[in-house]
Amino acid sequence: MSSNVRTRFAPSPTGFLHVGGMRTALFAWLVARQGKGQFILRIEDTDQKRKVEGAEEHIIKCLGWLDLVPDEGLKNPIRQSERVKDGVYQKWADKLIESGRAYADPYSPDEVQKFREQAQADKKPFLYRNHRPENPPQWKPGLPLRFKSEPKDYVTHDEVMGDIKTGPEVVDDFILIKADGFPTYNFAHIVDDSEMEISHVIRGQEFIASLPNYRNLYEALDIEPPIFATVPHIMNEQGNKKLSKRDGAKDILDYRNEGYLPETMISFLATLGWNDGTEQETFTIDELIDKFSLARVQKSGARFDERRLIWLNGAHIRQLKLDDLYTYVSPHNDDFIHGAGYWPEAAYKSKYDQAYRKKVLNLVQERLKFFAELPELTGFFFEDLPVNPELISTHKQLKKYDKSELKKYLEKAKASFEGSDFSEADLTDRLNSLLEETGEKPIVLFSLIRIATTQASSSPGLSQTMAVLGKEKCISRINAQISAL
RNA sequence: GGCCCCAUCGUCUAACGGCUAGGACACCAGGUUUUCAUCCUGGCAAUAGGGGUUCGAUUCCCCUUGGGGUCACCA
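Just so we're aligned: 471 in our numbering is position 471 of the first sequence, and the numbers increase by one with no gaps anywhere.
Treat the hints with caution; some may be incorrect.
Estimated spans, in silico, between C-beta atoms of each pair [what the hints assert, rightly or not]:
#, residue 1, residue 2, range
1, Ser457, Gly204, 36 to 46 Å
2, Lys358, Asp180, 54 to 64 Å
3, Gly54, Lys165, 35 to 45 Å
4, Lys245, Pro109, 25 to 35 Å
5, Asn362, Ile443, 38 to 48 Å
6, Lys245, Ala425, 11 to 21 Å
7, Glu411, Tyr348, 32 to 42 Å
8, Glu436, Asp335, 27 to 37 Å
9, Thr394, Lys49, 52 to 62 Å
10, Glu376, Arg318, 37 to 47 Å
11, Ala355, Arg246, 40 to 50 Å
12, Ser457, Lys49, 18 to 28 Å
Calculated lysine to aspartate or glutamate pairs in the DMTMM-like style (CA-CA distance at most 25 Å, straight line) [unchecked claim]:
#, residue 1, residue 2
13, Lys178, Asp222
14, Lys85, Asp122
15, Lys358, Glu376
16, Lys291, Asp323
17, Lys148, Asp47
I should point out that these hints are in silico values taken from the structure, not numbers from a laboratory.
Note that the coordinates shown come from a computational prediction; the quantities given were computed from them, not determined experimentally.
Ideal placement from N, C-alpha and C gives every residue a C-beta, glycine not left out.
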């Protein structure tokens, strides 16, 4: 066996990928990179019934988004269904039949189900081998082929979980080849991992109970087992079950579509159940290649807390250069952004140019948590929002004021702004003078002007915002507010 | 029910058997002369319970409790 590090991501194409699956892929990719080995994508499509159209393309797209590019299996995906056609699994199955380690299962699914229900009624785990037929028929296609196990004690080492001790009671005769001729996962992955010289099998916790069965099959097949690494599940927000699609887990591409950065997702996934022992909170992909280790992966499941993801993305966005941020939020040719990109539609009307949009973006960069928030944050920069009386009637200070008084202040402000060149500095000066003139507190006067000029519940700094909006818009909006009072 | 795994603030987590159990998210308060946000400062908040071993236990052992996984012709 080669000592080369080779890891694989082996999803079944049954739907979209969520953070749990994506994290497993990331860990496998990291182990391959840091071992200077290969990362292989293998599509486990042996269940014809559960196969979902487009799922394979989706998986590749997800890997591409995070730049976890497979060294093998990308251009010509390795599909188990095709290996079935090539007779790969049959060849190994024949070996087992010859050596007496596989036999035909003569029972119908209903009969097996009865055994299972009996075991359940007796409050005992179901073991098929308790019903192992004495003289099984000659195996032929159309019958399930079962592994003839040789139950025994095992101590199985797992890179994450440590040594797992099990007794013979967990080793059973499982199905190798189904009646439809396709191999089960339990059989196919072992054959494939061996033929593809996979060194580390990194997968979710749901497989840990099967490890003794796999050990038994490895022995029967005379295959040296790979290194096992069992990664605990990511739990849902309530923490009571593993994160699942059924349970509302989001498609990983939804995060891309909502405007999360790939580097955010990488750092988030890596630190969900792993840390390097220091107080470092975020990691670049290069730091992860350098520092990641399976041994430091948490043994218990971590809950998925989207708030941390949101915070992390905001932090990454703030660090972006303006031009890079602009590229991210603008329309590109990708299949997921159309028309105005993340901008409000109005941002692409002819009167707004790139320079204007960049000025706007610069003002909202520090408050942007994900790109999909952009229309809400910037709408008023591109179109006049209708006067919203509630902004004043619910304002904790302004609601105490008489409308005629507010009108008076707005008239004064307008008069001052008429003479402004609308540079940020001049506007700041004028706003401060207005404060002295009226003797009002900033919270009152500035809130009033902010509401009049934006009609939004919050905005960037007032003089900055006004400078970007320009004189014409500000004056006309103040007029609109005055007549609405 | 059998088997396996797990157990530190609300959440993610740190702590060769040895400081007042540390950090981050979230939340709360104050500051950065408008709001929101950013940034800064401070605050709240945890070793599931019980036995051992030890001078000393978050750490090692046992029991209990709790949580998760698994017991498919799904992966």
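Which hints, by number, does the structure contradict?
5, 6, 8, 10, 12, 14, 16
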